[in-house]
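2 protein chains.
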Amino acid sequence: MEFGFEEKDFLACCGSTKFAKEMALASPFASLEEAVSAARDVWFNKVDVHAWLQAFSAHPQIGDSTPSSHHATPTSAQWSKGEQSTALATATGSTLQELSEWNARYRQKFGFVFLICASGRSSGEILAELKNRYPNRPIAEFDIAAQEQMKVTELRLAKLFSSKANVSSTTDQ
Amino acid sequence: MEFGFEEKDFLACCGSTKFAKEMALASPFASLEEAVSAARDVWFNKVDVHAWLQAFSAHPQIGDSTPSSHHATPTSAQWSKGEQSTALATATGSTLQELSEWNARYRQKFGFVFLICASGRSSGEILAELKNRYPNRPIAEFDIAAQEQMKVTELRLAKLFSSKANVSSTTDQ
Numbered sequence: 353m354e355f356g357f358e359e360k361d362f363l364a365c366c367g368s369t370k371f372a373k374e375m376a377l378a379s380p381f382a383s384l385e386e387a388v389s390a391a392r393d394v395w396f397n398k399v400d401v402h403a404w405l406q407a408f409s410a411h412p413q414i415g416d417s418t419p420s421s422h423h424a425t426p427t428s429a430q431w432s433k434g435e436q437s438t439a440l441a442t443a444t445g446s447t448l449q450e451l452s453e454w455n456a457r458y459r460q461k462f463g464f465v466f467l468i469c470a471s472g473r474s475s476g477e478i479l480a481e482l483k484n485r486y487p488n489r490p491i492a493e494f495d496i497a498a499q500e501q502m503k504v505t506e507l508r509l510a511k512l513f514s515s516k517a518n519v520s521s522t523t524d525q
Numbered sequence: 353m354e355f356g357f358e359e360k361d362f363l364a365c366c367g368s369t370k371f372a373k374e375m376a377l378a379s380p381f382a383s384l385e386e387a388v389s390a391a392r393d394v395w396f397n398k399v400d401v402h403a404w405l406q407a408f409s410a411h412p413q414i415g416d417s418t419p420s421s422h423h424a425t426p427t428s429a430q431w432s433k434g435e436q437s438t439a440l441a442t443a444t445g446s447t448l449q450e451l452s453e454w455n456a457r458y459r460q461k462f463g464f465v466f467l468i469c470a471s472g473r474s475s476g477e478i479l480a481e482l483k484n485r486y487p488n489r490p491i492a493e494f495d496i497a498a499q500e501q502m503k504v505t506e507l508r509l510a511k512l513f514s515s516k517a518n519v520s521s522t523t524d525q
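Protein chains in written order, with our numbering: chain W, 353 to 525; chain S, 353 to 525.
Excised from the complex, chain W in its bound form (with noise of 0.2 angstroms):
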């Protein structure tokens, strides 16, 4: 079985259009794990660094939990919500507060928006990483931000692969 794909899915799952671009180009993918390759591929060797910011500048600020216009599709703006699910459901005032000071330091450093894989984790665990790569130099930041992006985009291509894999075992009966 063959799994084919529309630029927009892969919108969804990496805000950049030239990544999507590539992806669609590549599709269909006989599995999760082809797909994943392929992904890696693109994103690391292909697109461009305005691609990466791109992609970048499509994930809303960790910790803000008001909507966004910042996301590439509805499907990717849902996706980011159940990603920070754990965080929110941990955060307290304080902490959140503290996540949008540092959040804005961040930005106001590197020029872009603190990117992290965040499924699973805690507010303060997040914070905790946030502090932690403050002290980076921009590229190396640059960098790290862009593995994470690759984290949450292998995140999202499970998911676009096990809802079509639903929707493929439901028309077969």
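Simulated from the structure, these hints should not be mistaken for lab results.
Treat the hints with caution; some may be incorrect.
Copies of the same chain look alike in the list, so a pair counts if it works inside one copy or between any two.
[What the hints assert, rightly or not] Once the Cα atoms are required to be at most 27 angstroms apart in a straight line, the calculated DSS-like pairs of lysine-lysine come out as:
| id | residue 1 | residue 2 |
| --- | --- | --- |
| 1 | K516 | K433 |
| 2 | K503 | K461 |
| 3 | K370 | K483 |
| 4 | K360 | K370 |
| 5 | K433 | K370 |
With the hints as your guide, set chain S onto chain W.
What follows is chain S alone, placed relative to chain W:
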């Protein structure tokens, strides 16, 4: 003796407005060495990736001798011409044509101009280096381009100090 410069002087050395502002704030400098040391800290540790991209965009394409609107200042346009004088003097029509084609491929892949400290290098050496760097990952190439920009900046800071020293020794007489 102290060397005081304005923001526009530093902008002629490196086309990032953030870099120029930071350098103007750190000015005056007691020596060229002190200015270079400050410049390295600002460039590699303080300004963000957007500042790098802005500085890169202030460079003309190597081998392109037509007047450009890219330059941050008239001084940088003049310096750039001087830095490329060896390359232009050693260039044949076919080398220039090949350089132009590879520059276009490079820009297509990386999203910014091919940046090299051209001073004293022949067009053949520059073309070989372009082909050598082309297979790099975008993030690696971004880092290399920033290091080349710093070499250009250092040469230009030396010119800035030397012009100031000349003016100073003239007026001191």
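Hint by hint, here is what the structure shows:
1. K516 <-> K433: within (21 angstroms within a copy, 57 angstroms between copies)
2. K503 <-> K461: Classified as both; 23 angstroms inside a copy, 24 angstroms across copies.
3. K370 <-> K483: Between copies, since 24 angstroms is at most 27 angstroms while 31 angstroms is not.
4. K360 <-> K370: within (11 angstroms within a copy, 36 angstroms between copies)
5. K433 <-> K370: within (24 angstroms within a copy, 35 angstroms between copies)
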